[in-house]
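Student: Listed below, chain by chain, are the residues.
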Amino acid sequence: MCGIVGLLVKKAELRDQLGAMMVPMLVGMTERGPDSAGLAVYTAPVTERQCKLSLYSGEHAVDFRRLAEDLRTELGGVHELDVQGNHAVLVTESDPGQVSEWILGRVPEVAVLSVGRAIDLYKDVGAPADIARRYRFDALKGTHLVAHTRMATESAVTPAHAHPFTAGRDFCLVHNGSLSNPHLVRKHLEPLGIEFETDNDTEAACRFFEWRLREGDALETAVERGFSVLDGFYTFLMGTDQELLIVRDAFACKPAVVAESDGYVAIASEFRSLAHLPDIAHASLFEPKPEEIYTWRI
Amino acid sequence: MANLMPVSKTREFDLTRDSLRDLNLFLHRRAAAEGVSRIRVQNPDGAHSIACGLDADLDVQIHGHVGYYVAGMNKHASVTVYGNAGPGAAENMMSGRVHVKGFASMGAGASAHGGLLIIDGDASLRCGISLKGADIVVGGSVGSFSAFMAQAGRMVICGDAGDALGDSLYEAVIYVRGAVRSLGADARVEAMTDLDCAAVSSLLAAAGHSHDPKEFKRIASAKNLYHWHADADQEY
Chain A
1 MCGIVGLLVK
11 KAELRDQLGA
21 MMVPMLVGMT
31 ERGPDSAGLA
41 VYTAPVTERQ
51 CKLSLYSGEH
61 AVDFRRLAED
71 LRTELGGVHE
81 LDVQGNHAVL
91 VTESDPGQVS
101 EWILGRVPEV
111 AVLSVGRAID
121 LYKDVGAPAD
131 IARRYRFDAL
141 KGTHLVAHTR
151 MATESAVTPA
161 HAHPFTAGRD
171 FCLVHNGSLS
181 NPHLVRKHLE
191 PLGIEFETDN
201 DTEAACRFFE
211 WRLREGDALE
221 TAVERGFSVL
231 DGFYTFLMGT
241 DQELLIVRDA
251 FACKPAVVAE
261 SDGYVAIASE
271 FRSLAHLPDI
281 AHASLFEPKP
291 EEIYTWRI
Chain B
1 MANLMPVSKT
11 REFDLTRDSL
21 RDLNLFLHRR
31 AAAEGVSRIR
41 VQNPDGAHSI
51 ACGLDADLDV
61 QIHGHVGYYV
71 AGMNKHASVT
81 VYGNAGPGAA
91 ENMMSGRVHV
101 KGFASMGAGA
111 SAHGGLLIID
121 GDASLRCGIS
131 LKGADIVVGG
141 SVGSFSAFMA
151 QAGRMVICGD
161 AGDALGDSLY
171 EAVIYVRGAV
181 RSLGADARVE
191 AMTDLDCAAV
201 SSLLAAAGHS
211 HDPKEFKRIA
221 SAKNLYHWHA
231 DADQEY
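Line by line, the protein sequences are chains A and B. For the first sequence, the positions run 1 to 298 when my numbering is used. For the second sequence, the positions run 1 to 236 when my numbering is used.
Worth double-checking, as some hints may not be accurate.
[Unchecked claim] Below, computed lysine-lysine pairings styled on BS3-like, alpha-carbon distance capped at 27 angstroms:
| no. | chain 1 | residue 1 | chain 2 | residue 2 |
| --- | --- | --- | --- | --- |
| 1 | B | K9 | B | K132 |
| 2 | B | K101 | B | K214 |
| 3 | B | K101 | B | K132 |
| 4 | B | K223 | A | K289 |
| 5 | A | K141 | A | K11 |
| 6 | B | K75 | B | K101 |
| 7 | A | K187 | A | K141 |
| 8 | B | K217 | A | K254 |
| 9 | A | K289 | A | K10 |
| 10 | B | K223 | B | K101 |
| 11 | B | K217 | A | K289 |
| 12 | B | K132 | A | K254 |
[As the list claims (entries may be wrong)] Not everything, but these chain A residues come out facing chain B in the computed CB check (under 7 angstroms):
| no. | residue |
| --- | --- |
| 13 | F227 |
| 14 | D249 |
| 15 | A252 |
| 16 | R272 |
| 17 | A275 |
| 18 | E287 |
Just so you know, these hints were derived from the structure itself, not from any lab. Don't be surprised by glycine CBs; every beta carbon is placed ideally from N, CA and C.
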């Protein structure tokens with residue numbers, strides 16, 4: 001069992017409140033996912049020449065400022081850091097692939113959680129409320145976000161196994177359910193040069209969709225292909241810098257409720273995470289139907 | 001003759017203030033003793049297991065949306081949800097009446113033995129799965145795999161049905177007014193008899209609908225799965 005949470009604000013004036021609106025939604029999903037939580041927020045994008053990476057050092061004491069200085073010395077160029085405890089957002093003008101590889105080689109205790117122009121990613125083990133406080137989720141600003149509370153059923157409880165999963169740039173996915181053929185999917189993707197970081201089933205889905213996006217599929221097309229490739233139970237919630245998408249498998253065992261109002265689209269596994277949203281009484285509520293793809297654009 | 005009927009009292013719970021446990025304790029242990037027969041619940045905000053396991057002639061009115069298992073295992077009581085219900089509404093109901101004014105999520109009325117479940121809106125997948133004798137009236141449409149392995153009872157669907165309706169049915173009977181995307185294994189459409197029309201008519205009346213029973217199709221078991229056929233090669 002897990003909890004999923006998604007929020008997209010339709011009005012520019014609500015972007016400053018994105019995090020504050022979301023925190024009760026995430027905390028409301030604690031019983032569905034008490035062991036870890038994570039969140040991807042899509043902010044105003046950095047400039048065309050820049051890219052940003054969300055970095056996470058977990059239990060390791062890492063001097064992020066030193067890391068940025070070393071980056072400047074060794075790779076050259078501009079590297080700006082915004083540090084929050086064991087988490088940092090690095091804005092760089094260098095090639096993000098090169099930066100990621102440099103980090104992997106020089107500071108392997110730092111994980112690169114996401115790469116893109118709009119996405120910031122946080123994930124950690126612990127109760128959702130603690131994680132929300134740790135990273136000040138209530139202060140997050142942006143257009144939309146994808147969040148998850150995890151109750152592990154098929155692989156370890158570690159930050160790396162927590163959702164959201166990311167692949168490529170500005171793409172993330174959270175999952176409630178379990179896939180029965182992740183190893184088969186992985187076997188098809190690895191010969192294409194696609195590397196995996198964990199043994200988690202959700203990562204296989206994430207890397208499959210991102211591969212299809214790179215091959216030129218629209219997100220909806222990629223998800224439709226997934227119907228015949230991914231076997232198992234899922235409610236997937238996905239984000240790109242432009243859109244928020246939800247889809248449930250044909251058996252739709254894993255719940256989801258959508259509330260749409262003039263101001264926002266809010267998604268959660270259960271209504272109890274939506275009950276406290278402003279003007280919820282006038283929002284239109286529905287459950288996504290099996291194998292129907294629902295997309296909202298910013 | 002003096003009026004010996006006890007005076008009916010109403011008690012109100014507000015779940016932003018009162019705990020769910022206090023509400024359910026009251027419904028189970030105190031309501032009857034205190035002569036309270038009507039209970040109004042405000043701000044349920046999607047809480048789970050509201051009014052579960054009731055065993056008395058109570059009238060519970062819930063104003064808002066509820067989470068999993070509302071009125072599960074209900075006996076005797078009438079529970080009305082003025083909103084939507086999460087998964088497993090009236091699951092394993094024994095008797096009484098559960099009325100969801102909005103839509104109901106998956107597994108509504110699953111394995112219910114008796115009583116009447118009314119859903120004014122749509123019911124999601126697996127509505128009435130393993131039904132064991134209750135009646136279900138859905139004002140809207142039902143999702144796939146509804147009435148799977150339903151053993152006894154009746155299900156009236158005023159809208160459409162998804163895939164595999166009535167798969168592996170036993171003695172339960174389904175009446176559908178709209179389109180059926182597909183029937184499940186061993187389910188078949190049968191002619192509506194006068195008795196079927198009368199049954200549908202009375203269930204529709206109980207649920208407050210006025211459709212013409214003649215607009216409904218009867219779906220029941222072809223009973224081919226009742227016996228093992230060695231030659232069938234498991235292809236039904």
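Student: Flag every earlier hint the structure violates by its number, smallest first.
Tutor: 1, 4, 7, 8, 10, 13 and 14
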